[in-house]
Amino acid sequence: MKKIKVNKGLLFFLFLFLFLLVGRVYVYDLNQGIVISESEEAGGPEIIYGKPVKGVLFSHKFHVKELGLPCESCHSGIFEMAALSSQEKKDFNMQALYQGKYCGACHDGKTAFASNTKCASCHIGVKGMMPYLKKLSQSQDK
Amino acid sequence: MFKEIKKFLLNQPDEGVDKVPEETRREFLKIGLIITGVFAGGSIFSVVSKVAEGLATPEELHKSYPYKPHYSMVFKMDKCIDCERCVEACRATNNVPEYGWRTKILEIYDEKALDQKRIFMPILCNHCNNPPCVRACPTRATIKDPQTGIVKMVSYKCIGCKTCMVACPYNARYFNEEKRAIDKCDFCWETRLSKGEKLTACAAACPAGVRIFGDLSNPASEVYQIVHQLGKPVWTLKPETGAKPNVFYTMG
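Protein chains in written order, with this note's numbering: chain S, 51 to 192; chain U, 22 to 273.
Read the hints as simulated data drawn from the structure, not as lab findings.
Cross-link-like lysine to aspartate or glutamate pairs, in silico, DMTMM-like; alpha carbons within 25 Å at most:
no.	chain 1	residue 1	chain 2	residue 2
1	S	K101	S	E138
2	S	K184	U	D131
3	S	K111	U	D136
4	U	K97	U	D136
5	S	K185	U	D131
6	S	K111	U	E128
7	S	K177	U	D131
8	U	K100	S	E138
9	S	K101	U	D99
10	S	K185	U	E132
11	S	K177	U	E109
12	S	K151	U	D99
13	U	K125	U	E109
14	S	K151	S	E122
With the C-beta cut set under 8 Å, the calculated list includes, among others, these residues of chain S facing chain U:
no.	residue
15	V103
16	K104
17	K168
18	C169
19	I174
20	G175
21	V176
22	K177
Heads up, the beta-carbon is just placed ideally off N, CA and C, and yes, glycines get one too.
Sequences are here, hints too, so could you generate the full structure?
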């Protein structure tokens with residue numbers, strides 16, 4: 051009996067291509083972070099950071115659509131426009147947040163809840179990622 | 022002859038039914054814990070340290086379980102972010118296969134919860150003072166180390182009957198196909214502690230300071246200071262089983 055060899059790399063690229071075709075998921079690797087494009091009114095993609103720790107959520111849907119924050123409030127020096135670009139920086143960690151950098155600019159305990167509280171609200175973790183992606187795709191289908 | 026047996030039985034010291042509840046109660050308080058509530062998502066009871074109220078001093082506790090060092094772990098549960106670095110570190114250090122686990126992270130998610138909807142709970146072997154798995158093992162392949170209190174496996178003695186897996190209240194054991202034996206957390210005794218390291222692989226890998234590992238018999242250790250205080254609640258999992266675990270939980 052002949053065994054059919056499946057090239058795993060090829061398969062991965064095929065799936066990646068399919069995702070790109072659908073246009074929802076740009077990056078699909080838990081270690082690298084995930085970017086899911088939302089509809090225009092959401093204001094931007096749903097971002098799940100993969101570095102320095104896995105599974106940290108930033109939702110444009112919540113911050114822009116629901117809270118009504120303008121783009122400039124973050125995209126004028128705090129964060130670059132390109133998604134996931136901040137996770138490549140060395141100081142992208144909790145210590146920087148406590149000093150008022152990145153998310154810590156608002157999450158200081160006055161404007162929004164402090165960075166050193168409610169850990170699992172943003173850190174949805176490895177377990178939180180898949181259900182979140184599923185929920186998103188369900189809400190998009192409707 | 023029957024008369025003699027009757028006489029023998031009647032001469033047995035009376036345990037006294039009325040004494041038992043008090044005895045068990047005292048035994049329970051000795052470890053310094055009292056049940057206060059039910060934790061969401063299963064039969065996990067919340068337990069608060071009562072040591073400082075004078076019901077049992079830390080000295081009394083360590084007299085009944087005189088391990089030195091008395092290895093123990095405390096989880097600051099709300100700090101856990103499920104990055105799973107601990108799980109990865111454990112797999113790499115102890116050669117844990119894909120299908121098995123020595124430590125893992127449980128998730129509690131409630132859509133209707135106010136504010137924060139999610140919290141994580143790391144679990145591992147509780148290294149009980151009164152381990153049900155050790156009692157259950159027919160070949161004495163799993164032992165409670167008389168010096169450190171670590172519940173260890175002696176792999177070559179294990180016949181793979183999996184009785185200990187059933188006996189463990191914390192589901193902390195799995196069958197390792199390669200070893201043909203049950204495998205479980207040994208606080209990294211084989212891979213790290215016996216070689217002079219101070220921390221387990223998971224505690225060393227944790228970026229959020231969730232896993233506090235140390236010696237419960239040393240008043241200077243953080244573990245001791247967390248377990249024997251009253252300010253913040255400290256609890257163990259499933260205390261009703263009487264296993265008296267050495268893994269405690271608290272909040273940041």
